[in-house]
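Asker: Here are the chains, one letter per residue:
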Amino acid sequence: MIQLQHVAYNYQRQEVLKDISLSFPIGQIIGIAGENGSGKSTLLKIIAGIQRPKKGTISLHKESLSRRHADIIAYLPDMDLFYSFYTTKELFAFYASQFSDFSIHKALEVANFLEVDVNVKLKKLSKGNRGRAKMAATLGRNTAYYVMDEPFSGLDPIVRESLLKGLIRYTNMEEQSIILSTHELHEVEPILDQLIVLKQGEVIAQDDLETIRFETNQDAVSWMKYVTKEKVK
Amino acid sequence: MVGEGGYEMTQDFTRDKPIYSQLVDLICGDILKGKLQPGDKMHSVREYSLEVGVNVNTVQRVYKELELMDLTETKRGQGTFITTDEGRIQHLRENMKVELVNQFLQSIAAFGFSKEEIIQTLQRKGESK
Numbered sequence: 001m002i003q004l005q006h007v008a009y010n011y012q013r014q015e016v017l018k019d020i021s022l023s024f025p026i027g028q029i030i031g032i033a034g035e036n037g038s039g040k041s042t043l044l045k046i047i048a049g050i051q052r053p054k055k056g057t058i059s060l061h062k063e064s065l066s067r068r069h070a071d072i073i074a075y076l077p078d079m080d081l082f083y084s085f086y087t088t089k090e091l092f093a094f095y096a097s098q099f100s101d102f103s104i105h106k107a108l109e110v111a112n113f114l115e116v117d118v119n120v121k122l123k124k125l126s127k128g129n130r131g132r133a134k135m136a137a138t139l140g141r142n143t144a145y146y147v148m149d150e151p152f153s154g155l156d157p158i159v160r161e162s163l164l165k166g167l168i169r170y171t172n173m174e175e176q177s178i179i180l181s182t183h184e185l186h187e188v189e190p191i192l193d194q195l196i197v198l199k200q201g202e203v204i205a206q207d208d209l210e211t212i213r214f215e216t217n218q219d220a221v222s223w224m225k226y227v228t229k230e231k232v233k
Numbered sequence: 234m235v236g237e238g239g240y241e242m243t244q245d246f247t248r249d250k251p252i253y254s255q256l257v258d259l260i261c262g263d264i265l266k267g268k269l270q271p272g273d274k275m276h277s278v279r280e281y282s283l284e285v286g287v288n289v290n291t292v293q294r295v296y297k298e299l300e301l302m303d304l305t306e307t308k309r310g311q312g313t314f315i316t317t318d319e320g321r322i323q324h325l326r327e328n329m330k331v332e333l334v335n336q337f338l339q340s341i342a343a344f345g346f347s348k349e350e351i352i353q354t355l356q357r358k359g360e361s362k
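Residue numbers (the numbering used here), protein chains in the order written: chain A, 1 to 233; chain B, 234 to 362.
I should point out that these hints are in silico values taken from the structure, not numbers from a laboratory.
Virtual Cβ for every residue (Gly too), placed ideally from N, Cα, C.
A couple of the hints might just be wrong.
[To be verified] Have a look at the derived ranges for each label pair, beta carbon to beta carbon: (1) K297/B - E215/A: 27 to 37 Å; (2) E280/B - T211/A: 46 to 56 Å; (3) E230/A - T247/B: 16 to 26 Å; (4) M329/B - N217/A: 15 to 25 Å; (5) D249/B - E15/A: 33 to 43 Å; (6) G27/A - H324/B: 27 to 37 Å; (7) V118/A - Q270/B: 19 to 29 Å; (8) F113/A - E319/B: 33 to 43 Å; (9) E15/A - R309/B: 47 to 57 Å; (10) D249/B - K55/A: 39 to 49 Å; (11) L338/B - E215/A: 24 to 34 Å; (12) S277/B - I104/A: 21 to 31 Å; (13) D249/B - F85/A: 47 to 57 Å; (14) K127/A - D245/B: 22 to 32 Å.
Take the sequences, apply the hints, and build the full model.
Answerer: Next comes the structure, spelled out in C-alpha cells:
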C-alpha cells in the first residue's frame, strides 16, 4: 500500500499540490483525472519517488519512500525520454541494464501482442507505435506498482484499445496495481476500479467506479464534470 | 442494455448502470438465447476481462453474481460452468420477462399511453409479422 499524507508541492510561490492524503492499495487500477495544470503529473512523479514532496510524507508498506523505491514502482513518463536512435529491442536491453526486475522475455511478448516491430529505431516509429513500445518497456518490469502518466494521450482509438487490453493482459491484479492519469476517461473507465479527480492541486473527489454508477446513475465523464463544477460554486 | 456484438471488440456500456450488472445482463441474455448452453464452460475471469475490455475485479464480481443467481457453478480446478439445472434457466427466463415488461410499462406510462392502446398496437404488430 502506498500512502500519501498531507503532501504538498510548490514551484517557488506557485502551489501545485495542496494537502493531499491518498492511499493506493494493491490489486487495483486507479485513474487520476483533472484539467491540464491540476497537478496530475506532479502527483504521479511524487508517487513514483522521482520528486520529493515539499511537505507531508509518502510511504510504501509503512516505510517512507525515497528514490530507492524505483525498484518497486515502474514509471512511464508522458514525455519521450528515450534515446531515439535505439530500436525497441535496444530500449529493452537498456531497461534490462537498469532494472533488475526487467524481463526482456515479457517485454518482447507485450511488444508482440501490441504488434510493435522491435527492430525499428524509435525515431522511425509512428507516435502510436512509440506509445506501444513505451508501454511494453514499462510492463516488462515486474513491480508492485505501475505509475503511468498519460499513457494514451495523442494516440488513436485503435492504439488506445490495444494498450488497454495490454494493461489487462500483462498485469496481475492479485499482486500489482496501476495508477494512471488520463483525459480519455470514457474509454479508460471500464478498466478502472476507482477514480480520483484533481482540481487546482486538490483532490476534489474520489470513488469506486461501480459506486459512482450505482449511486449517481452517471458514468465517469459526467460524474467528473459534475464534481468539478460543484467545486467552483 | 448492451449493444449487439460479441465479436472481438471492446464492449460499449450505457452510462447509468454499473458495468458489472450490464455484463451480468449480457451473459443472462446469452444463456436465454442458447448462445451459452447448460454445462458450457465459461471463459476464465482473465480471458473474459480481456474479451470485453473490462477490469479483472469487475469480471470477478460478475462471476460471483452469476453464481449467487445459481446460473453457474464452479468446479474446483476445472473452471466455471453454466448450470445444468434447467429449472434455474426457466426461472431466469420468467424473471427476465417480467422485468422487461415492467420496464416497458414504465416507459409507456412516462409518455402517457394507456395499457389498452399499447396492447392493441402490440397485437397488430404481432399479427403483421
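Asker: Next step is simple, just say for each hint if it's right about the structure.
Answerer: Each hint tested on the structure:
| no. | hint | verdict |
| --- | --- | --- |
| 1 | K297/B - E215/A: 27 to 37 Å | violated, 20 Å |
| 2 | E280/B - T211/A: 46 to 56 Å | violated, 26 Å |
| 3 | E230/A - T247/B: 16 to 26 Å | holds, 24 Å |
| 4 | M329/B - N217/A: 15 to 25 Å | holds, 22 Å |
| 5 | D249/B - E15/A: 33 to 43 Å | holds, 37 Å |
| 6 | G27/A - H324/B: 27 to 37 Å | holds, 34 Å |
| 7 | V118/A - Q270/B: 19 to 29 Å | violated, 42 Å |
| 8 | F113/A - E319/B: 33 to 43 Å | holds, 40 Å |
| 9 | E15/A - R309/B: 47 to 57 Å | holds, 55 Å |
| 10 | D249/B - K55/A: 39 to 49 Å | holds, 41 Å |
| 11 | L338/B - E215/A: 24 to 34 Å | holds, 25 Å |
| 12 | S277/B - I104/A: 21 to 31 Å | holds, 27 Å |
| 13 | D249/B - F85/A: 47 to 57 Å | holds, 50 Å |
| 14 | K127/A - D245/B: 22 to 32 Å | holds, 26 Å |
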